[in-house]
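Starting from the known structure of chain A, fit chains B and C onto it as the hints suggest.
Chain residues, written in single-letter form:
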Amino acid sequence: MQAPPLKPNAAAGAHHHRANPTLLAALGLPTEVPADWRARALTKFDELLHTRRSLKLYLDTCVRCGACTDKCPFFLGTGDPNNMPVARAELLRKVYRRHFTAAGKLFGPLAAGEELTDAVREQWFTYFYQCTECRRCAVFCPFGVDTAEITMAAREIMASIGLATKYVSEVVDKAHTIGNNIGIPEAAWRDTCRFLEEELKEQTGADIKLPVNQAGAEVLLVPPSADLFTNTDTMMAYGKFFHALGVSWTTSSYASEAGNFGMFLNYEHLKKVNRRIVDAARQLGVRRLVMGECGHAWRAAQAFTDTLNGPLDFLEKPRPEHILEYAVRVIRQGRLKLDKSANDGLAVTYHDPCNLARAGGIIEEPREILRLIARGFREMPADTIREKTFCCGAGAGLLTDEIMETRFAGVKPRIEAFCASGATHLAVPCAICKAQFPVAFEHYRIDAQVVGVMDLLAKAIVL
Amino acid sequence: MQLWLSLLLYLAAAVFLIGLGWRLLNWLRTPVPLKIPLTPGPADRRGVLWRLGGELFAFRALWRADRSLWTPAWIFHVALVLLLIGHFGGLETPRFACATLGGMQAAFCRVACDVGLPFAGGLTGMSMAQFGHFEDISGGLVGAVAIAALLWLLLRRLLAERVRSISTFSDYFALLLLLLIIVTGNDMRFMGGLNIEQARQFVAGWLALHPTPAPADPVFTMHILLVCALLIYIPFSKLVHIGGAALFSPTLNQRNNPRQRRYTGPWDKTNASATA
Amino acid sequence: MPAITLAGKQFDVDENGFLQDPAQWSDEVALGLAQTEGIEKLTDEHWKVVRYLREYYMKFHVAPSIRMLCKQTGLPLKQIYQLFPSGPAKGACKLAGMPKPTGCV
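Residue numbers (the numbering used here), protein chains in the order written: chain A, 1 to 463; chain B, 1001 to 1276; chain C, 2001 to 2105.
Calculated directly from the structure, the hints in this document are not laboratory data.
Each residue gets a CB set at the ideal place from its N, CA and C atoms; glycine is no exception.
It cannot be assumed that every hint is accurate.
Think about it this way: if two alpha-carbon atoms lie no more than 27 Å apart in a straight line, the pair counts; the simulated DSSO-like pairs of lysine-lysine are [said to hold, decoys possible]: (1) A:K209 / C:K2071; (2) A:K459 / C:K2078; (3) C:K2100 / C:K2071; (4) C:K2071 / A:K166.
Take a look, some chain C residues computed to stay more than 12 Å from chain A by CB distance [claimed, not checked]: (5) A2023; (6) D2027; (7) K2048; (8) R2051; (9) V2062; (10) L2075; (11) T2102.
Looking at chain A on its own, in the form it has when it is part of the complex:
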């Protein structure tokens, strides 16, 4: 997508609602921005500089070469210069220079240092919540500077002074208290699974179970809770898949969420949300831990679980697996009977969720599956897929109504690529993408459908 001309402050007005005091208190954060917020923020900043090399290094080494300036979907969509990755990072970097470097302390503005003022704080809250931590910029940076690391640090600093969005805080709180992002309690979880079992019976004629809290099952499947709310086809697909394999599996009503919004708030909550999955797996005595169709969940699970809450040596396979990896393996073993004609007539293309591609390495698996089960599979343009994929524009806590215009702008590069593919169906293994694309398609008046990769696979499975 062609880079737009600069439109200063084009997205400056897009704010998320702030978390209310009750929510902040529940998360152990200051309930309002304290009078000494500046000192507190700088203390937190200092702590992070000493505990995260990524932050320190990436603040130090950027040479402002400009390679990233046309890579962020939010810049491409909004034209707001602060959405260029380098400029977004400069919002933090200018304060870093002023307060933590010799040059900045001595020369201030001449060394491009800036005081941490109310205005800067507002800029942080605006623009670090217009970054989906999708890491596309990092792919093009000669030093691997990862704006996701900068954004995470900025959000962590903000959280330490009671600045967080309502959406992220609410979801993290629900994950802690109920076990999933939507807030589906055990009774409703069981009720929904029962209902979907009936649906499966109607669809396939088979008695397919969606087991809950079944101790001793081989697999603990952790889906995004949206699979029991909006993306029920995907939930049913897991059921049909394991049924066809004859593998015993279960979900957990305690760890009923793959996603980890803690990652979008701070380290402490990332770790705490992640912990539930490990505890559930141990308690249920499963042998394998499999993550459902969710993007950032996979990042948290595969890259962080073992570090944060491991070791997982009580599992037979002591590492989380992705459902699509699992599926590819059993397909290669010939354990599934597939009929690709079930998906005939669908022009399908695949959207790489940013966290699967750039933070989880799940890139070829979905393609291998789609080629096997959909004759109409085709790719989007090469510079928009795999590790160069464009974000859906709603990850990392941006899926809110209040910044809808920014979301539409952020998804624009992806929409253009989708149109270029000529597909009618967009296969996406990520709950946030699945929530964003239908709204975006409607906005851009595109007649297309969003489906899970597992949905299409399940359709092709012959029982």
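Same frame as chain A, now just chains B and C:
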């Protein structure tokens, strides 16, 4: 006269070495709590070396991002390395300079010569005079290429809207400093006026920790003063990236193997005992 | 905290206009909330959706899955969008006096 120039250069070099070393050590000592390699990425050490090598020597990410930036950036960096080799490796400190020195210094100087000479005279079998001529031409040519690349980068910064909007004073300062250093260098090569043998002795003596008086040439003095400024500036600015920033970058230097072996964040002590 | 006046009474709502306290809900409140959603008149089908959501929420403290909503009310999703232009999770839930379903939705 002008021993002070040598002394200043020692001071600047000390600031450079200590400053850069301190910065690199600081990066190295800051923990990396989580696995954050960019994927797809290599799971083994050899793969990581390839990845880092690709970034360090070929600027792969930049190639992916923007060829019109890659071209001047890569050319400039290569030219800079060649010029450094030229200055230290013997092109300007040929063997006869060693003859004027004794003992340890001579030995040191000879090593310096032997690193550089294979690049030029030693291998081609040129006479000393031919060699001197060759190094003037080639060094000047590389200098000219570096100047062209720097001008390209400068113009890009001034003219491209997005890059201009993110540029700070220090970005222009760094470019101008480098431009002036190479321009004064080439001025001495091509405009004459400098006693080249004296300059060679100055460099050789300086390298051998046995400083000799600097040539009484204003352009030469300016060249050295600018180099001092650059050396002192590097550790305190974005130019610190010459320390090999990509090598320290966890998105690039980590093995993508969190599922092959448990990675324990070295900073959060509660991780190790999470399940105890 | 924002508040709105419905049927002559004050109610606390969240930033998106959802009732803060679901217990304060009544048919009159639903009618008032319908106005905020730009829905002029509540038909039987509207009420069918609202009452089912309400019933489910009182039992399970969460909204039912969209699929269940369609199945139990016998209304296809398209029609629910016609009834509640901002969708089942926003418009319909708001009228039912329950919190806005959030998460990856």
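Structure-based check of all given hints:
1. A:K209 / C:K2071: holds (19 Å)
2. A:K459 / C:K2078: Cα-Cα ~23 Å, so holds.
3. C:K2100 / C:K2071: holds (21 Å)
4. C:K2071 / A:K166: Answer violated: K2071 (chain C) to K166 (chain A) is near 32 Å, above 27 Å.
5. A2023: holds (17 Å)
6. D2027: Given that every Cβ of chain A is farther than 12 Å from that of D2027 (chain C), nearest at about 25 Å, it holds.
7. K2048: Label holds. Min Cβ-Cβ 18 Å, cutoff 12 Å.
8. R2051: Its Cβ never comes within 12 Å of chain A, the nearest being 18 Å, so this holds.
9. V2062: V2062 (chain C) is in fact no farther than 12 Å from some Cβ atom of chain A, at 5 Å.
10. L2075: Its Cβ never comes within 12 Å of chain A, the nearest being 16 Å, so this holds.
11. T2102: At roughly 6 Å from the nearest Cβ of chain A, T2102 (chain C) sits no farther out than 12 Å, so the non-interface label is violated.
Checked against the numbered hints listed earlier, the structure breaks hints 4, 9 and 11; every other hint is satisfied.
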